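Starting from the structure of chain D, add chain Y where the hints point.
Residue strings, one per chain:
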Amino acid sequence: MSAATVFGLCSAAAAGLGLYGLIVNPEPLRKIIAFNLLGSGIFIIFGVVARRGAAAALGADPVPQALVITGMVVAFSATALAVALVLRLFQGAGSTTLDADAPASAGTDPTDA
Amino acid sequence: MPYPTPALDGVTTPGGFLVVLSVVVPVASVLLAFVAGGRQAERIALATMPLGLAIAIAIMVALQRTGAPLVYLLGGWVPPLGIALRADGLSAVMMAITAVVIGAVGVFARGDFRVPQGSVEARAPFAFWILLLAVWGALNMVFLGGDLFTLYVALELLTFSAVPLVCLDGRAETLQAALRYLLFALLGSVLYLVGAVLFYGSYGTLDIVLLSHEISAEPTTLVAAALMTVGLLAKTALFPLHLWLPPAHAGAPAAASAVLSGLVVKGSFFIVVRLWFDVMPGLPGLAAAQMLAALGAMAIIFGSVVALRQKRLKLLIAYSTLAQIGYLFLMFPVAFGAGSARLESDGALAGGLLQAISHATAKAAMFMSAGLIYAALGHDHIAGLSGIGRALPISVLAFALAGAALMGVPPSGAYLAKDLLLQAAVETEQWWWAVAIQAGGIFTGSYVLLVLAHALMPAHESVTLRVSVSRVAEATALVLALCSLLLGLVHWEAYLPVALDPLRNPLTFKALSTALWPVLGGGVLAILLGRWGLRPARVALGEAVVAIVGPARRVALVLGSMLECVDRMLRRWPAAGLSLLVLVILFGAAMLGGRL
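Those sequence lines, one after another, are chains D and Y. First residue of the first sequence? That's 14 in the working numbering, and the numbers climb one at a time after it. First residue of the second sequence? That's 755 in the working numbering, and the numbers climb one at a time after it.
For reference, chain D alone in the conformation it holds in the complex:
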């Protein structure tokens, strides 16, 4: 088993776990962590792809590294924004569930057709 295959399998496992957590877990904070796991899986794939590019034709391909770093910055900002929103939500509502129906459509209003 070559190193590229091992890395590929690792990244698939990380992405799979992250995807599962992001879809199934109801807690926003855990969703955010799952998103980071998923993102890491993809960055590893990108690294593997770069190795493949190096093996195929290019001496050493710096572009994927640059792209991965940019991707990490984006993922970091996304995480920061999401955590800030979770904190504000917790301060305001005392809980951080996403499960409630659309707040405005949950009608308790007497006018009905």
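Derived by calculation from the structure, the hints in this document are not laboratory data. The structure presented is a predicted model; accordingly, all values stated were derived computationally and were not measured. Cβ coordinates follow ideal geometry from the N, Cα and C atoms, glycine included. Heads up, some of the hints might be wrong.
[As the list claims (entries may be wrong)] Footprint (simulated), chain Y over chain D, 3 or more residues, beta carbon under 8 Å:
id: 1; segment: 15 to 27
id: 2; segment: 46 to 57
id: 3; segment: 84 to 96
This is chain Y only, laid out in the frame that chain D set:
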């Protein structure tokens, strides 16, 4: 389209600096507003708007003069190592409409987001003006980006600046809506990123023009295409991936809703167009395009029916956005040339883009007038709208004109779009999409008429307005609605692949008579499915109407509540996540199956 085969671009074209300016100016204003702070943020934003509009117009003029896309190579590096920014006809049109809508929102929002007298700085206005500029810069980047990774970054910037707009007022439910929006959008962008990575692994470049020359139908490429498409659909909120849209768009302040609904969803839609038409026109195959349009048709049905069942005006408009997003995706199967397996950049593409820009202007106008009505009444319950037609005639007129423009009343942009799409459906012999296109207009008619019927009813007692509404804001909404209504008169030939002959006279009797169908059909649908707050006895001939339509309405209401139920189920998080995965598999299978 004036540009038949995209050439490899080796140099920056004359006028290429305009392309850079259109991104740099809004971003520089964001930074400047951050530093200056306080009241200056508003002034800087308002000063940027005419400048940005001038740049967009200059790009349109330059395109018309040279007849070739404007290209700017960043740092002079040629792709694949460097990054190119390209402005073609599609980008120019989208940028111009973005500049117009952002400018209108800026004028509209002056009253709502003013720093109160006596304080140096207030959080919401400061954030609003900066975020508005940031959305603008990100959108221009989306329209100009020449490679898939730049587009990824632009898309993320767009999401990050759009999400806080949802929760400007800081209430718990809007924060929750913003968080749902952000998390689901992140899921979508991760899928897009995987696709981009796989593209890079296969071809060693992400530049759109280079990719379009090299791309071939290998399994990896098709899987990547399916992942990217579905990721973008999640960000565009195409049915059934719409869980985040209604609460986010309905909960935001009116000016923010106008930007979110009119412009932000068009960003990811535009990247789908770039991906399918520019990167891989020969690849997706008819089966995948049919699926895309089938989702669009379902979005039209679900969005419109659920819109008719809403109690609140802003939610009705948000669900109407859902339906209109579906309408945008009807262009994909009819864009296949007759008998060929290739997406052609011709009339259908022009129709889709025109629909997108007409929706951008009309929906922004609708949210503005809904916001004014909300502010004046203190609520936006549709059942409580009676009398508002007399109290706020200009706002209601703006709503009506925007609705007419969306329905496709000539000479609106939507009319031209519908004409082009119908023509393409006839040419490619796909009558079922012609039916869907017509049905879309009728459904639009239904919810617009439902709102207007309530708004134009005389009230029991005279309506007392809580606050007096700004005349300037009302006029802005009206101007945007008129803009959408007159878009069909603009000569689009220089920018979009519009065929000349059938379109130049939108004011003939035949054209006007086609506008009757959405009105009549919409009226029937609204009577059958709408939530009527009015008592029948107060409507002239009410009793007779009730006796006739009663049984039919009961059947329709059962169907309607079933659709509502399904919609509620699909808007749960696990259901939406699973539909995302199922869609990836289906699109992958359709694309691979088309190859065998």
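Hint numbers contradicted by this structure: Checked against the structure, the only hint that fails is number 1, while the rest are satisfied.
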